[in-house]
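*Asks:* In case you want the letters, here they are:
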Amino acid sequence: MSTFVLVHGSWHDGSAWEPVRTHLEEKGHRAFSPTIAGHGKGVDKNVNHAQCTQSIIDFILEKDLYDVVLLGHSFGGTILSQVAPALPERMRRLIFWNAFVCEDGNSLLDEIPDHYQALFAGLVAQSSDHTVTLPFPIWREAFINDADLELAQAAYARLSPEPYQPFCDKLDMKPFHAVDIPRSFLNCTEDIALPPGEWGWHPRMSNRLGLYRLVQMPGSHEVIFTNPIGLAEKIVEAGRD
Amino acid sequence: MSTFVLVHGSWHDGSAWEPVRTHLEEKGHRAFSPTIAGHGKGVDKNVNHAQCTQSIIDFILEKDLYDVVLLGHSFGGTILSQVAPALPERMRRLIFWNAFVCEDGNSLLDEIPDHYQALFAGLVAQSSDHTVTLPFPIWREAFINDADLELAQAAYARLSPEPYQPFCDKLDMKPFHAVDIPRSFLNCTEDIALPPGEWGWHPRMSNRLGLYRLVQMPGSHEVIFTNPIGLAEKIVEAGRD
Amino acid sequence: MSTFVLVHGSWHDGSAWEPVRTHLEEKGHRAFSPTIAGHGKGVDKNVNHAQCTQSIIDFILEKDLYDVVLLGHSFGGTILSQVAPALPERMRRLIFWNAFVCEDGNSLLDEIPDHYQALFAGLVAQSSDHTVTLPFPIWREAFINDADLELAQAAYARLSPEPYQPFCDKLDMKPFHAVDIPRSFLNCTEDIALPPGEWGWHPRMSNRLGLYRLVQMPGSHEVIFTNPIGLAEKIVEAGRD
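Chains as they are written, first to last, in this note's numbering: chain A, 1 to 241; chain B, 1 to 241; chain C, 1 to 241.
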């Protein structure tokens, strides 16, 4: 049985993992879903990437977790790449679920196409607190394309503005590549949050992992809402030895 | 409940939609499957692309349809790209099902690899009426690869020669890109009617749509024959708000 | 009903086909699974590619098989490309299952990325008999990624060192391209034995076949162990007329 620490992506918080976490626990695993610093509703959004990372490190230390299968979704991949080399002795495996694996020295913004960069720059300029609110049409078509409208709206209501600074911070990836922790890439085959092809998740991000295990499942970027049980089962498959 | 107008591809006519249409109607939707001008058996094949387009515009006006979910398959995508900007106020959503989304100023021929261009040029030269008859081996291997031989043959018997001129006509795509109608791309994952990769349907064609919803299903270019119920269900998923 | 000759890949021998062969026979087909010269346990590993090819030619002649659906897996694709033009009158169809289709004049080594070339060169240097033993971590993550650890270990125990010389021999592909035998490509969608993308099996290898039928199934490079019944069913689909 495994100890999962599930790290959400942008606009989400740890509560989105609830049904996944419950299913993992029913299967006999331990599962934790901390909220990254500056994420969720009603919190101070003034954080940088290092603070986001530190909040997950602190969580793992506080709970004193070992043999961790650490999963990052989307933006959460950038967190994994910094947490793992800080606590390598506590890590059993890393799972990147449609997640960023930045090139050394890149920020998340450096890894997304121009039209997203321009969109986010425009949105942060409109905000009063240096955050980005995901527009509903993008959410509905490119993030949660496998939901009906009702679920798309209900899930959208659970999102919160994303702090912009962590998107901008350049990441040192050398420590990540210096530690030898088994890694998996979980790819949802209808995930177009990044446009497929040149800018797509897979194999662009996955191939940067070196030797990795590929696990795939049908669904969008948001199977956490549209198919949490299926997601939990694939997490087990991606996370086992 | 939606109003679907289903536009077939080359060599097909509207009758191929029968089981899909029936299934959509059983689910409470309205569904129409007009035959494009110059298509089907026993008709004058002397048409150009504008006449093909006009025949679908006329159909929608004659039936006085509004809130249309307009779907185009394969060649039918070139029709969608011209019909939609002519009747934007009647369109609710566009679905490109393994369909052409030409670059501005391109013909369909400009969008296919050299070996197909050469094949079609040779076939039209052999015809007496400026048409292309699809060779059975290509149909069997690259179009309906998920059928058994019996179904491949039965479906082939329903095809008719394709007028060549609409393949040659250059298309103005600027009006299409000027109207803001939600769009989906429905991709069959074993569709090799266009060779996968550099010349493939997805993401080459889909990424030209700007913001779009991706829906995928298993099957060949011809699930209209091999899995019409599954196709109908994915059309609903691609067509909903 | 078909006559299948199933040609295994590197590190395997013919016994790995047992459950697939049984299932095909239960469905009324004939199925054979010869072991390539220099493969399997306890045999002389001093073979070149021509000897590997000849052993399969000899098998087909000895059993006097006609109307053969000849399938090659992985390295087995290089065998197919040499056997088929030697016995074209006995071939009904070729199936490349995540298999090499080399460019004319290339060896298998020329078709794999640098990191694999370097790995194999290092491993052969360590061996006493000019063979390559596949390291378990690569097997577990990149070959049999859909197995649990127990099955991954059990299947690994059945592998044997692979003779290196057949990887090095340059292959004349002109005879293969000169014979006109229908061909299929069977692709497992989670097969990352070759890294997806630039170096991937599909569509890199498949598109070299000219007109071909694509059949896909979920799973890793080793569904022969993880899903032999599903594999057998897809082999039937790939192999029918």
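The set of hints was computed from the structure by calculation and includes no laboratory data.
Since we're looking at a predicted model, the values are computed, not measured.
Treat the hints loosely; a few may be bogus.
Keeping only pairs whose Cα atoms sit at most 20 angstroms apart, straight-line, the calculated SDA-like set for lysine to any residue is [stated by the list, open to error]:
#1 Lys-170(C) to Leu-149(C)
#2 Lys-170(B) to Gly-230(B)
#3 Lys-63(B) to His-130(B)
#4 Lys-27(A) to Ser-128(C)
#5 Lys-27(B) to Asp-241(B)
#6 Lys-27(A) to Asp-148(C)
#7 Lys-27(B) to Glu-150(A)
#8 Lys-27(B) to Lys-27(A)
#9 Lys-45(B) to Asp-129(B)
#10 Lys-174(C) to Lys-45(C)
#11 Lys-45(B) to Phe-59(B)
#12 Lys-41(A) to Tyr-164(A)
#13 Lys-45(C) to Asp-148(C)
#14 Lys-27(C) to Phe-59(B)
#15 Lys-27(A) to Ala-125(C)
#16 Lys-41(C) to Asp-148(C)
#17 Lys-45(C) to Leu-149(C)
#18 Lys-63(B) to Ala-125(B)
#19 Lys-27(C) to Asp-241(B)
#20 Lys-170(B) to Arg-208(B)
#21 Lys-27(B) to Asp-148(A)
#22 Lys-174(B) to Lys-41(B)
#23 Lys-63(B) to Glu-150(B)
#24 Lys-41(C) to Lys-174(C)
Pair by pair, the computed Cβ-Cβ distance ranges are [said to hold, decoys possible]:
#25 Gly-197(C) to Leu-211(B): 48 to 58 angstroms
#26 Lys-170(A) to Asp-148(C): 44 to 54 angstroms
#27 Asp-180(C) to Ser-128(B): 21 to 31 angstroms
#28 Gly-197(C) to Asn-46(B): 37 to 47 angstroms
#29 Glu-233(B) to Ser-127(A): 55 to 65 angstroms
#30 Asp-180(B) to Lys-27(C): 48 to 58 angstroms
Glycine included, each C-beta is placed from N, C-alpha and C at the ideal position.
*Asks:* The structure should be examined with respect to each hint, and the outcome stated for every one.
*Replies:* For each hint, the structure was consulted:
| no. | hint | result |
| --- | --- | --- |
| 1 | Lys-170(C) to Leu-149(C) | 36 angstroms, violated |
| 2 | Lys-170(B) to Gly-230(B) | 34 angstroms, violated |
| 3 | Lys-63(B) to His-130(B) | 31 angstroms, violated |
| 4 | Lys-27(A) to Ser-128(C) | 47 angstroms, violated |
| 5 | Lys-27(B) to Asp-241(B) | 16 angstroms, holds |
| 6 | Lys-27(A) to Asp-148(C) | 16 angstroms, holds |
| 7 | Lys-27(B) to Glu-150(A) | 19 angstroms, holds |
| 8 | Lys-27(B) to Lys-27(A) | 37 angstroms, violated |
| 9 | Lys-45(B) to Asp-129(B) | 7 angstroms, holds |
| 10 | Lys-174(C) to Lys-45(C) | 28 angstroms, violated |
| 11 | Lys-45(B) to Phe-59(B) | 19 angstroms, holds |
| 12 | Lys-41(A) to Tyr-164(A) | 15 angstroms, holds |
| 13 | Lys-45(C) to Asp-148(C) | 31 angstroms, violated |
| 14 | Lys-27(C) to Phe-59(B) | 49 angstroms, violated |
| 15 | Lys-27(A) to Ala-125(C) | 46 angstroms, violated |
| 16 | Lys-41(C) to Asp-148(C) | 25 angstroms, violated |
| 17 | Lys-45(C) to Leu-149(C) | 29 angstroms, violated |
| 18 | Lys-63(B) to Ala-125(B) | 38 angstroms, violated |
| 19 | Lys-27(C) to Asp-241(B) | 45 angstroms, violated |
| 20 | Lys-170(B) to Arg-208(B) | 17 angstroms, holds |
| 21 | Lys-27(B) to Asp-148(A) | 16 angstroms, holds |
| 22 | Lys-174(B) to Lys-41(B) | 33 angstroms, violated |
| 23 | Lys-63(B) to Glu-150(B) | 37 angstroms, violated |
| 24 | Lys-41(C) to Lys-174(C) | 33 angstroms, violated |
| 25 | Gly-197(C) to Leu-211(B): 48 to 58 angstroms | 25 angstroms, violated |
| 26 | Lys-170(A) to Asp-148(C): 44 to 54 angstroms | 39 angstroms, violated |
| 27 | Asp-180(C) to Ser-128(B): 21 to 31 angstroms | 28 angstroms, holds |
| 28 | Gly-197(C) to Asn-46(B): 37 to 47 angstroms | 45 angstroms, holds |
| 29 | Glu-233(B) to Ser-127(A): 55 to 65 angstroms | 40 angstroms, violated |
| 30 | Asp-180(B) to Lys-27(C): 48 to 58 angstroms | 53 angstroms, holds |
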